[in-house]
Amino acid sequence: MRNKMEKKNGDRTEGHMQKIRRVCPRIHCITNYVTAQSVANIVLAAGASPIMASGVHEVEDVTGICDALVINIGTLDERTIPSMILAGKKAAELGHPIVFDPVGVGASVFRRETALRILAEVPVTVIRGNGSEIRILLEAQSKQKAEKVTAEQTGRCGIDASESDLAKSENAESKAEIAAKLAIQQQCIVVMTGEVDIVTDGKRLCMIENGHPWMGRITGSGCMLDGILAAFLAACPKTFSERLAASAWAVAAHGICGEMAYEKTAARSGGTGSFYCFFMDAMSLLEDETLEERAKMFWRERQ
Amino acid sequence: MRNKMEKKNGDRTEGHMQKIRRVCPRIHCITNYVTAQSVANIVLAAGASPIMASGVHEVEDVTGICDALVINIGTLDERTIPSMILAGKKAAELGHPIVFDPVGVGASVFRRETALRILAEVPVTVIRGNGSEIRILLEAQSKQKAEKVTAEQTGRCGIDASESDLAKSENAESKAEIAAKLAIQQQCIVVMTGEVDIVTDGKRLCMIENGHPWMGRITGSGCMLDGILAAFLAACPKTFSERLAASAWAVAAHGICGEMAYEKTAARSGGTGSFYCFFMDAMSLLEDETLEERAKMFWRERQ
Amino acid sequence: MRNKMEKKNGDRTEGHMQKIRRVCPRIHCITNYVTAQSVANIVLAAGASPIMASGVHEVEDVTGICDALVINIGTLDERTIPSMILAGKKAAELGHPIVFDPVGVGASVFRRETALRILAEVPVTVIRGNGSEIRILLEAQSKQKAEKVTAEQTGRCGIDASESDLAKSENAESKAEIAAKLAIQQQCIVVMTGEVDIVTDGKRLCMIENGHPWMGRITGSGCMLDGILAAFLAACPKTFSERLAASAWAVAAHGICGEMAYEKTAARSGGTGSFYCFFMDAMSLLEDETLEERAKMFWRERQ
Numbered sequence: 004m005r006n007k008m009e010k011k012n013g014d015r016t017e018g019h020m021q022k023i024r025r026v027c028p029r030i031h032c033i034t035n036y037v038t039a040q041s042v043a044n045i046v047l048a049a050g051a052s053p054i055m056a057s058g059v060h061e062v063e064d065v066t067g068i069c070d071a072l073v074i075n076i077g078t079l080d081e082r083t084i085p086s087m088i089l090a091g092k093k094a095a096e097l098g099h100p101i102v103f104d105p106v107g108v109g110a111s112v113f114r115r116e117t118a119l120r121i122l123a124e125v126p127v128t129v130i131r132g133n134g135s136e137i138r139i140l141l142e143a144q145s146k147q148k149a150e151k152v153t154a155e156q157t158g159r160c161g162i163d164a165s166e167s168d169l170a171k172s173e174n175a176e177s178k179a180e181i182a183a184k185l186a187i188q189q190q191c192i193v194v195m196t197g198e199v200d201i202v203t204d205g206k207r208l209c210m211i212e213n214g215h216p217w218m219g220r221i222t223g224s225g226c227m228l229d230g231i232l233a234a235f236l237a238a239c240p241k242t243f244s245e246r247l248a249a250s251a252w253a254v255a256a257h258g259i260c261g262e263m264a265y266e267k268t269a270a271r272s273g274g275t276g277s278f279y280c281f282f283m284d285a286m287s288l289l290e291d292e293t294l295e296e297r298a299k300m301f302w303r304e305r306q
Numbered sequence: 004m005r006n007k008m009e010k011k012n013g014d015r016t017e018g019h020m021q022k023i024r025r026v027c028p029r030i031h032c033i034t035n036y037v038t039a040q041s042v043a044n045i046v047l048a049a050g051a052s053p054i055m056a057s058g059v060h061e062v063e064d065v066t067g068i069c070d071a072l073v074i075n076i077g078t079l080d081e082r083t084i085p086s087m088i089l090a091g092k093k094a095a096e097l098g099h100p101i102v103f104d105p106v107g108v109g110a111s112v113f114r115r116e117t118a119l120r121i122l123a124e125v126p127v128t129v130i131r132g133n134g135s136e137i138r139i140l141l142e143a144q145s146k147q148k149a150e151k152v153t154a155e156q157t158g159r160c161g162i163d164a165s166e167s168d169l170a171k172s173e174n175a176e177s178k179a180e181i182a183a184k185l186a187i188q189q190q191c192i193v194v195m196t197g198e199v200d201i202v203t204d205g206k207r208l209c210m211i212e213n214g215h216p217w218m219g220r221i222t223g224s225g226c227m228l229d230g231i232l233a234a235f236l237a238a239c240p241k242t243f244s245e246r247l248a249a250s251a252w253a254v255a256a257h258g259i260c261g262e263m264a265y266e267k268t269a270a271r272s273g274g275t276g277s278f279y280c281f282f283m284d285a286m287s288l289l290e291d292e293t294l295e296e297r298a299k300m301f302w303r304e305r306q
Numbered sequence: 004m005r006n007k008m009e010k011k012n013g014d015r016t017e018g019h020m021q022k023i024r025r026v027c028p029r030i031h032c033i034t035n036y037v038t039a040q041s042v043a044n045i046v047l048a049a050g051a052s053p054i055m056a057s058g059v060h061e062v063e064d065v066t067g068i069c070d071a072l073v074i075n076i077g078t079l080d081e082r083t084i085p086s087m088i089l090a091g092k093k094a095a096e097l098g099h100p101i102v103f104d105p106v107g108v109g110a111s112v113f114r115r116e117t118a119l120r121i122l123a124e125v126p127v128t129v130i131r132g133n134g135s136e137i138r139i140l141l142e143a144q145s146k147q148k149a150e151k152v153t154a155e156q157t158g159r160c161g162i163d164a165s166e167s168d169l170a171k172s173e174n175a176e177s178k179a180e181i182a183a184k185l186a187i188q189q190q191c192i193v194v195m196t197g198e199v200d201i202v203t204d205g206k207r208l209c210m211i212e213n214g215h216p217w218m219g220r221i222t223g224s225g226c227m228l229d230g231i232l233a234a235f236l237a238a239c240p241k242t243f244s245e246r247l248a249a250s251a252w253a254v255a256a257h258g259i260c261g262e263m264a265y266e267k268t269a270a271r272s273g274g275t276g277s278f279y280c281f282f283m284d285a286m287s288l289l290e291d292e293t294l295e296e297r298a299k300m301f302w303r304e305r306q
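Residue numbers (my numbering), protein chains in the order written: chain E, 4 to 306; chain H, 4 to 306; chain U, 4 to 306.
One thing to keep in mind: the hints can contain errors.
It does not matter which identical chain is meant; a pair holds if it fits inside one copy or across any two.
Only pairs whose alpha carbons sit at most 20 Å apart, straight line, appear in this in silico SDA-like list of lysine to any residue [stated by the list, open to error]:
1. K184 / S145
2. K184 / E295
3. K93 / V112
4. K93 / Q190
5. K267 / L288
6. K299 / Q188
7. K184 / A123
8. K171 / M300
Hint data in this document are derived by calculation from the structure and do not stem from the laboratory.
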């Protein structure tokens, strides 16, 4: 299936990449210190403008001059939590799209409780995580009311998805159900990345088969997707259905850049250093024609 | 106009690059977590030695063993402000050059007030910013005594210069006036980067026409210039006129690396990932002959 | 001398690289914000899985799901010290290898006192530093009981080894003595990097002659070695002698990647940006055959 973006004003549709580059939305990122530079660079490569700011005294001001917000708990610290919540509330008040990434939510009770607290206080637009993160979040949410969540109840996990949680073509349906349930519970879009990526609002589902395994061999691949999602969402209309479509296109764009980066790396017998460099190259050079041509997006209604 | 560096001891002048690499000055950087690695790497590429340290219990010690200081408020945090001021006072006491970068000073009241506070307490040698940052700083300084500064009074702005603030060849004169006024007000050197870069102490002006637009497509280009400025200043004599000249050469070196990086990137059909890599390459390989050959520096007295 | 790894189960030994990639140990890194991304990427390139987490409320949980710990004081901050100690105690309790890197311990009294405190409270497996860091740590330890340590007593130093402290072939014996004394004092393995790298437990010594000077021209080379050491140690048996051998192999692997990166960089007339990229490439592609073939490790008993 080849998806064509909807036509608007005239012969040639304005695609997502073109629109991001014309509008140049500002993306406020409260993210981890490990991959902050990569996130800033990928946002720039996509055509948007990043502002990385997490100081509690300024996050509301910064959100106020931006068009979208990323909250990523990759190197969570008690001091940053109030910043995340303040910025999140401000962004919600302004109708900005908010991308939330519960990085390693299975790695500690502290991350789990913080993730639940953020979800309780901030109406996020998209939750982006791997199969383990999405499952753990869903289970933690469900158990929360009944009892205190303990690590033992939801399983312990690092920042990578465990083998049984990884979404692949053979288990995509059951993984999609988990994503859909969280989407309904939180009334938001859920993006579950894996061998197959799943984007859903609980009613419609999109399976995306772009990407390359080497994306998991560099740090920050997921964090960079957060920034790309925010750029796509900031440049699209604010309706829920436009946002769902834009999320799927963002995931496809991310995966296509991974494919192109791998092709270039393999042709030069490079390793993961070259792959990272070519991934950034691919996003900065990505045009809508290539995005539409290479996207492998499969939409359906949830049964 | 081709600038030749002044002759000293013998036939061939010792140029800036050669001197930095011989002296290998230590540069203490209190900078943001987004681009800290790039700043450290560019300082190394230039031939100096970076120490990134912002802990309040050690900044004075660290400044004490260094030769120059960079203060960059890119990811400002209330905890780092005392470190910036302690290190700044120590560096001033030791006669070290101090480069101050008011990143995104228009993005929040917190940044603006902090920038003013740092300028009030630390006698900085160079202020480096884009057209919006320099203008906002000048206006905030001027208004400060009369009234509490509000965001509305100076305009809101992200980390990139707004279109009307961007220094270009057609408006370079008026932008130079803004830079010169801030230089006089602060009794320091002002470096305003843009399509044309301006270096001034309020009396003399240098317009530098090196650089490439892609430098704005990677994060940290400005932060890296802070490190380069500090390396050039640490290796040059301490007189004000030597420092003014060294600042202009640092800006030219930075711009030339951007040009060379773009040439290499374009030849290989690369994107911004390759550009970043080649930018670092260019600085690590830059020799004084190339610097002098390619520098487009135009000096004049301010009218 | 060519070192062959000891044979185990069958014809072909399982080498370190193969084992790391099969086991995929999780490495908990409490490291500096300057090079955190490089450390995470090199750990991934080696075949292990990094978790960068320094929040005091979660470090014990994170250590609990990992297989090794890195403590690096590169951008030391009073808030992170309790995290380092909590994680260190937990890792020790679990029998995990702990790599401690006293980055710039000569740069401030704060770093020196913190390093001593960590060594007093956490039984580290490996101390990794350059010649100055190891010497200063040894002297500070020795003086500690008698008197308050002052910067003047041990000399001031930045993050690079001073010329007189740098281990080279001509002074390797005397530098090895310093490393050995610290190893005995701390009952751990000491890795002193320099032109010649020294690995010792105080009884056995290994001199490793791999590496390239350009490794000192990029930031994070030492920090990346911390991550590589942790990956090698996490994948090997827990006996002291296996850990000593694994440390030497890790150092050789790191040095060989530096050599290979330089070869590729020189062939393409690249600079330090390319070198960094190719260093990561080399580690991600490194196979045991190459490691064994190129390793220049010279073992002997300490006299």
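Structure-based check of each hint:
1. For a Cα distance limit of 20 Å, the shortest separation of K184 from S145 inside one copy, 10 Å, qualifies, whereas the shortest one across copies, 56 Å, does not.
2. Proximity of K184 and E295 under a CA criterion of 20 Å is satisfied in neither setting, with 29 Å inside one chain copy and 51 Å between copies.
3. With identical chains, the CA atoms of K93 and V112 are at most 20 Å apart between copies only, with a shortest distance of 16 Å across copies and 27 Å within one.
4. For the identical chains of this complex, K93 and Q190 are intra-copy neighbours only, at 19 Å inside a copy versus 39 Å across copies, given an alpha-carbon limit of 20 Å.
5. For the identical chains of this complex, K267 and L288 are neighbours both inside a copy (13 Å) and across copies (16 Å), given an alpha-carbon limit of 20 Å.
6. Taking the shortest Cα distances, K299 and Q188 never come within 20 Å of each other, neither inside one copy (28 Å) nor across copies (59 Å).
7. For the homomeric pair K184 and A123, the shortest alpha-carbon distance inside one copy (16 Å) is at most 20 Å, but the shortest distance between copies (50 Å) is not.
8. Taking the shortest Cα distances, K171 and M300 sit within 20 Å of each other inside one copy (15 Å), while across copies they are farther apart (44 Å).
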